[in-house]
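Chemist: First to last, the sequence lines map onto chains G and F. If you're matching positions, the first sequence starts at 0 in numbering that gives the first Met the number 0 and goes up one per residue. If you're matching positions, the second sequence starts at 0 in numbering that gives the first Met the number 0 and goes up one per residue.
Careful: at least some of the hints might be erroneous.
Stated by the list, open to error - Covered stretches of chain G, as calculated for chain F (at least 3 residues, CB under 8 angstroms):
1. 9-21
2. 75-85
3. 88-97
Stated by the list, open to error - Among the chain G residues that face chain F by a calculated CB cut under 8 angstroms, a handful are:
4. MET0
5. SER4
6. ALA5
7. LEU33
8. SER35
9. LEU40
10. PHE41
11. SER44
12. ASP69
13. ASP105
14. MET114
15. ALA117
Hints listed in this document are in silico derivations from the structure and should not be mistaken for laboratory results. Here a beta-carbon is modelled for each residue, glycine too, at the ideal position from N, C-alpha and C.
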Amino acid sequence: MNLLSALVVAVIFGSGTFLLLQRDLTRVVVGIILISNAAVLFIISSGLLRGAAPIYPLEGGGLSGEGVADPLVQAMALTALIIGFALAALILVFIYRVYASQGTMDLEEIADSEMRDAQSLDRADDPEREEVPEEKQDGETDDPEEETRARR
Amino acid sequence: MLPVLLPLIVALLSAPATLLAGILRLRTAAPVGAAFAALAALAVLWGWTTSGGEAVDAAWVPSWDMRFDVALDGFAALYALLATSVGFVVIVYASRYLLLHLEHEGRPETDVVRFYFFILLFMGSMVGLAMARDLILIFVFWDLTAIASYFLIAFDSHKAESRASALMALFVTGVTAILLLIGSLLLYAAHGTFSIPELANVVEPGPLLTGAGALILIAGLAKSAQTPFHFWLPRAMAAPTPVSAYLHSAAMAAAGVLLIGRVYPLVQKSDTLLTALLVVGFASIAVGGILALTRDTLKQILAYSTIAQYGFVVVMYGLGGAYGAGGAAFYVLTHALAKSALFLTAGTVTEATGNDKLSKLGGLAREMPLLALGSAAAAATLTSLPLTLGFFADEFFFAAALERGAVFAVAATLCAGTTLAYTWRFWSGLFLGERAGEAPVRVSRLLVSPVAFLGILCLFGGVYAIPFERLSEAAGAVSFENATPIDATYHFELLPEYFMAAGAYAVGAFLVVSRPVWRGAALGFSRVGKVVGPERMYRDWLHGVNRLSDIVHVLEISNLRGRVASVLLPTALMVGLAVVATPSGMHTVGEVRPGQIPLVLALGVVAAASVAATFTRLHITLALVLSSAGFSLAVAYAFYGAPDVALVAVLVEIMITILYFATMRLIPYEALRKQSQLPLTKGPRKVLISILAGAFAFVVAWGALSVPPAGETVATEHIRLTPEVHAGDAVTAILADFRGFDTLGEITVVCIVLLAVVTLIGHKNPESEEEIEAGGRAEREGATVERVTRSIAGLLYLPTLVVAVALLVNGYAEAGDGFSAGVVAALGVVLRHLALGSRGHGSLPPTKMATALAFSGLAIALAVAVVPAFLGDAPLTHYPAPGASVVYLGTLEIITAVLFDIGIAILVLGVLTGILSAFTHATPAAESGEKMSYEERHEGREGS
Chain G
0 MNLLSALVVA VIFGSGTFLL LQRDLTRVVV GIILISNAAV LFIISSGLLR
50 GAAPIYPLEG GGLSGEGVAD PLVQAMALTA LIIGFALAAL ILVFIYRVYA
100 SQGTMDLEEI ADSEMRDAQS LDRADDPERE EVPEEKQDGE TDDPEEETRA
150 RR
Chain F
0 MLPVLLPLIV ALLSAPATLL AGILRLRTAA PVGAAFAALA ALAVLWGWTT
50 SGGEAVDAAW VPSWDMRFDV ALDGFAALYA LLATSVGFVV IVYASRYLLL
100 HLEHEGRPET DVVRFYFFIL LFMGSMVGLA MARDLILIFV FWDLTAIASY
150 FLIAFDSHKA ESRASALMAL FVTGVTAILL LIGSLLLYAA HGTFSIPELA
200 NVVEPGPLLT GAGALILIAG LAKSAQTPFH FWLPRAMAAP TPVSAYLHSA
250 AMAAAGVLLI GRVYPLVQKS DTLLTALLVV GFASIAVGGI LALTRDTLKQ
300 ILAYSTIAQY GFVVVMYGLG GAYGAGGAAF YVLTHALAKS ALFLTAGTVT
350 EATGNDKLSK LGGLAREMPL LALGSAAAAA TLTSLPLTLG FFADEFFFAA
400 ALERGAVFAV AATLCAGTTL AYTWRFWSGL FLGERAGEAP VRVSRLLVSP
450 VAFLGILCLF GGVYAIPFER LSEAAGAVSF ENATPIDATY HFELLPEYFM
500 AAGAYAVGAF LVVSRPVWRG AALGFSRVGK VVGPERMYRD WLHGVNRLSD
550 IVHVLEISNL RGRVASVLLP TALMVGLAVV ATPSGMHTVG EVRPGQIPLV
600 LALGVVAAAS VAATFTRLHI TLALVLSSAG FSLAVAYAFY GAPDVALVAV
650 LVEIMITILY FATMRLIPYE ALRKQSQLPL TKGPRKVLIS ILAGAFAFVV
700 AWGALSVPPA GETVATEHIR LTPEVHAGDA VTAILADFRG FDTLGEITVV
750 CIVLLAVVTL IGHKNPESEE EIEAGGRAER EGATVERVTR SIAGLLYLPT
800 LVVAVALLVN GYAEAGDGFS AGVVAALGVV LRHLALGSRG HGSLPPTKMA
850 TALAFSGLAI ALAVAVVPAF LGDAPLTHYP APGASVVYLG TLEIITAVLF
900 DIGIAILVLG VLTGILSAFT HATPAAESGE KMSYEERHEG REGS
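Kindly produce the complete structure, drawing on both the sequences and the hints.
Modeler: Take a look at the structure:
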């Protein structure tokens, strides 16, 4: 059973990775959702395989917890699911925003336009000019050499 | 307790109070700010005289031994008095100056509020810094001053120079502040306390003290603009003059020596540190003095003089002894009064003449006699002429040097001489000689009287210095840990200090007279400093960092998918290494019991669906394949014995599917079609990466799953405790009780995501006529199938809500909890919306309302968590206590854990409906004007 679970986790994870590497942003999101599914399945599998739901009155081994599924991993999985949903929502909004501003959901095109934006940004506002104030008002004005040097 | 805390409270309250006053009525900002500064100064005086150095020491973060330990001892009183009283003078001055300044810059008058807010924030954090005795508390106030200084220096934020200067100040003082933190942590690691008085009792000289002390001292020296960190201070002159005056005399630069004085009980145990202070101090005096003699801009001269003056203070701490520690405090006091007066003088002169260059000014004594007299008193104090307060300051300096030996005495005399040279140059250049340029315009009395007031104080101190002496003695005693009797009276016998003073005057006079001889050398020094000085290194460093960031950025965006792989591959590598390094040696196949056949089938469907997702083309199919994988997973969870998870998984899967479609709706059909026709890149590299990733996941998962569960785990403990806390479902008990903090964190994250979604999506008015009409049209076209769905949805709405409530109420005893209840309720709302459209009963709650709902849920959960803290229990204690009897209302147990769960349910309901409502109310991308069509982009590319 654990071999089987591991196999399924691996298949989901691999498929998710494959989608993550696609050009289409929506597929990337599906990839992320699949990978988080793989994670939840893994968490659940790690504590289970032991028996019934951890709800009183307990079936099987009674109070000791034998034969009862691990409640802690379930709590964690619940948390992971809700957070996973919130993240999926956030990523979907990002896709919408990216589409609205770039007009495309193709990663190649987005990378191209990002590159162009970065270059035009570089040209428009040279960080060297921004970060380093001109050293004005330095040295004495009655020293013409110093004055021109400062201006330069 | 009140006398100690009142000054701090008043000082910290002043900034928000002034901000409020300024917002309500612009004109009141300055008077309110000045009144608060004056009140704070009075509170410090009153507190110091009545409390007599009392301390308030309360637990802050007890588990980390951090304490809120503040004391209004002499040391704190001195710096707090400086910060508040100079703050008062500066605000009075600024009330006039700032309006003129803003007029020159063409900025709205409302900007003054920002100025008062930050300068009072600075004042408040200085008072806090002065009083704090816990190293972490000091660090907090320290950083607060850095933030305030950043905004003050960059007050003229439209000028690139101001922004760059502010950034420089923030970098230099902020990066070194980290060293303060590291030094504190080193001391804590060795001695287990952050309290300076406690540390002073236990530290021993040695490498640890030298190392930690050096780190702390570097922070202090950088803030006081000592060599080699001095370069930020002249740059900070980009700020308006009142800011410069405050920063130099009583706030920013003073904070540095404040820190040194505060940790001096530790520092003075290490001779290495004292020697280092001497070296840095003398170097700063030399660098500051020489450069002050070469500068032409008024504020630049004063800035370099400040560097030199704090060099004197640092040297005094380095010399040590009673005169060193007590004299240092006295020197800071004197310098603050004199330097702020001189800065304000520079500001007034520039305001009156429109000129800020020494070479273009002169002969102003006739037109501005009061200003000339006031600043003459201040300048005389700085140069320590007799009958001024400064005379005693230098006397103590000389006395401290004499105690250490003749070499130091000679050096001290020479140093004091440079002060006279540049101060004379500044004052005589302004007020004596021929008038250069046009006659000054008349300036407001508010721009002159603060200078005169400070000048009078300097002269008063020269005649009757006892109050200043008392304060400095008290302050010095805190640093020195012994009484520091300093004697600020004139003596009629000839003390050696008097000879040294005379020598210093002679040196100064010689420097003034021989100016043509050394001018070239001094300018050369300044030029060399520009080429190889620390400022150059700072710039090179900044450029390097900038370039690095550019390179990384280009790498990041040039190939986005490559970057994904570049994250995945190293991760895989590390995981692989971990697997190799820690072999479990156990890989069992695990039996499949007959009862688990359905589970195996469900897992098979999950795997098949996941694989199918990799070659699905159309987005709708993709979404359906994804959700079928999710539903099968939920089924698998149910067979795993996790009904709660299964329930939430089903519901979340539905929501994700709906959300996916909602997003697709926002994107034009053509774009989606183009997208789905993109080639599914099945390059061998991608397939290989995916297979590798899957293989790693397999190895890790199989290895982990093969290890049999240990006998007694946390989980068994949780199961055992579940009935104790009146719960039936162990999972719910864990979520609401045992690990409630995790849940609290999680739901906070979810709330933040809701805010992010709502903000990012930006929505138009949801009920616009057009939209309703469009919805109506769509509905009419929707034929009979819709009608069936609609009636079913109508019928299902109430039952879903009932199920939600049942899940909530029952959750503690049986399957279900706040999460599933919230999701079920949201599902009911959403289902009805989908069926009925955005009209009438079907409309989703407005996004704002949903957000409010979500946050009220969070508030309930937080209240349940926090209230026990007020009742003396640990946060998140639930009532009734474990084992106590519970009141039942039907099957509902009245316990606070259920209330917590209700909070979660409300929050989840709010978040889910909010997110969906944001999506449905969003403008489809094609309509939003910011988008550029694909063709347009293409054209643009060809053109370029």
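Chemist: Next step is simple, just say for each hint if it's right about the structure.
Modeler: Against the structure, the hints come out as follows:
1. 9-21: With 13 residues closer than 8 angstroms to chain F, the region 9-21 of chain G meets the three-residue bar; holds.
2. 75-85: holds (count 9)
3. 88-97: Contact hint for the region 88-97 of chain G vs chain F: holds, 8 residues under 8 angstroms.
4. MET0: 4 angstroms, holds
5. SER4: 6 angstroms, holds
6. ALA5: 4 angstroms, holds
7. LEU33: At about 6 angstroms, which falls below the 8 angstroms cut-off, the nearest Cβ of chain F leaves the hint on LEU33/G intact, so it holds.
8. SER35: 10 angstroms, violated
9. LEU40: 6 angstroms, holds
10. PHE41: 5 angstroms, holds
11. SER44: This interface hint holds because 6 angstroms falls under the 8 angstroms limit.
12. ASP69: Hint on ASP69/G: holds, closest Cβ of chain F at ~4 angstroms, below 8 angstroms.
13. ASP105: 6 angstroms, holds
14. MET114: Cβ of MET114/G sits 6 angstroms from chain F, so the hint holds.
15. ALA117: 6 angstroms, holds
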